[in-house]
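**Q** Listed below, chain by chain, are the residues.
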Amino acid sequence: MTVHFTKDHEWMKIEGDTAWIGITTYARHALGDLVYLELPETGRKVSKGEHFAVVESVKAASEIYTPVSGKIVEVNSTLSSNLDDLKEDIETGWIVKIKMSNPSEVANMMDKTAYDQYVSTLD
Amino acid sequence: MTQIDDTRGLDYHESLLWEKARSDTPGVDLPTPENKPLRTGQNARAEIGLPQISEPQAVRHFVRLSTKNYSIDHGFFPLGSCTMKHNPRLNEKMARLPGFAHLHPLQPMETTQGALALMCELQRWLGELTGLPGVCLTPAAGAHGELAGIMTIRAAHLHKGHHHKTVILVPDSAHGTNPATAAMCGYTIRTIPTRETGRVTLSAFKEALGDGYDVAGMMVTNPNTCGLFEKDIREISDLLHKAGGYFYGDGANFNALVGKIRPSDLGVDVMHINLHKTFSTPHGGGGPGSGPICCTPELAPYMPTPIVIKDQNTYRLEQAGERPTSCGQLKGFHGQFGMHVRALSYMMSHGKDGLKRVSEDAVIHANYILSQLQDDYHVPYAGPCMHECLLTDKIQKEKGVTTLDIAKTLIEYGMHPMTVYFPLVVQGAMLIEPTETESQAELDRFIHVMKMVAQDVTAGRTDTLHTYPVSAPRRRLDEVKAAKEPNLRWKVS
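Chains as they are written, first to last, in our numbering: chain A, 1 to 123; chain B, 1001 to 1493.
It should be emphasised that the hints constitute simulated quantities derived from the structure, not laboratory data.
All residues carry an ideal CB built from backbone N, CA and C; glycine is no exception.
You can trust all of the hints, since none of them are fake.
Here are some, though not all, of the chain B residues that point toward chain A, as calculated from beta-carbon distances under 8 Å:
#1 E1479
#2 V1480
#3 A1483
#4 K1484
The following block holds chain A by itself, in its conformation from the complex:
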């Protein structure tokens, strides 16, 4: 199992044609103290680059983008009341599961090493 990363600080775990998507620990710390997470409806169709959730911190509201197109098949609704879980944790930190309509979109994403290197250039 591989975890993929985007420049917008999302992580994505793939199993078959399903993708688990969350935000990275780096993003979480950059946002500051979180106060609110707006989750999408199950069943919504999203295309690559579209925002599907909004996370609000004491500093700002930030949109979370999907790196792949497809249909949202499950939403981790427990996150709304457990914002501390919103991090790079595949068991509890995923926001949505998306059934991918075009798995080839995963091709150009970063692995953990490449992402860590990318993050080190940001500060």
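Could you slot chain B onto chain A? The hints should help.
**A** Using the frame of chain A, we list chain B on its own:
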């Protein structure tokens, strides 16, 4: 049983009127109407829960509250992208002239010629300073002006039948109101990344533009929110125009350019002017603001209505339907007329040379601060800057001191903090806009406190920095709890 509140020295602890009220205090004594229903539809005062309080208690309550407001009249207010400059008292005197102050918006126009002449003159000054002669004064504030500007662009595209133009380009360093405005007007936002240089580069713009077929326009603030001048803007606006898009200029940072550059020369087609920033009408709780828009002759037919028109020697407001291509009326009556008086007073009292000097001094002040603090704080994009300078907490963060701690320390030293954590593209941003109206002594005091913080961090004396403010009426507030469990209504406990 009497509880003593937290008043010490002359720092008044002021509770709510409802908490002060006592049933044995006589309030204002009004006769109780007998056998007549009250016009408010209520039965009696007591039943709607008005506090029973005497006149002197009520007067003291509001006077004490007024002393708790920190304003530009109290002290240094370097809030970046907000241009908190001194509001000359002359402006206030002009706005209070009975002929202006006591006008009624529905008065016949032959009795309000002076006021209309003033608005017409303000239109002319704004047209001259921006190089954009189509001026509508009615938008009520900056974001309202943005809405007016983008609606103008949209009306122009629709009139030309350009229904395929559905995208507005916005840099990621923009004020949040830019993408919000474009979205409100039904446009899709395409972001231009600026993180690496702090500016919109030609290559990043070209990539966002693509073939330009779907691009309706672009919204850019110049100087931008990193305090930097957009150097490639002329080439960028040329390309945008070739693709059939319009350039919306966000006028929030116009204080750096007045009298030096006309935005029309940079290719701006329409922009708003924050009279309450650049032209010193009060803002920040003291509003109302005022956000006139200025546009090219090409876009003028589409701007909101009404504008003031001069027919030979008389002035009048444009009539409904007189300009059928207009995007419509966005504000009742004349807009914020009192602000028009203040802004024109400011312009006329400064004159052409004075306004140019305003921009020059604003830029020099920001560069003075940058030059004094650049060895103590991380500077994300090398200077010189324009009218505001951008620092970050990168160096201090290694010792656990963040932008928030630095801002709170400034409060401890009796200053309003700078803009923090904005622009969003810069981690731990501190955006400092001193404005031209501060004295060097005031700038030096700010620099001194900032240097002291940096030295404390270097020496490891960070504990107190996390506790500030300690002298303010309130200590650090629980921002998370305030956002998650807002308590907005007082209830009898």
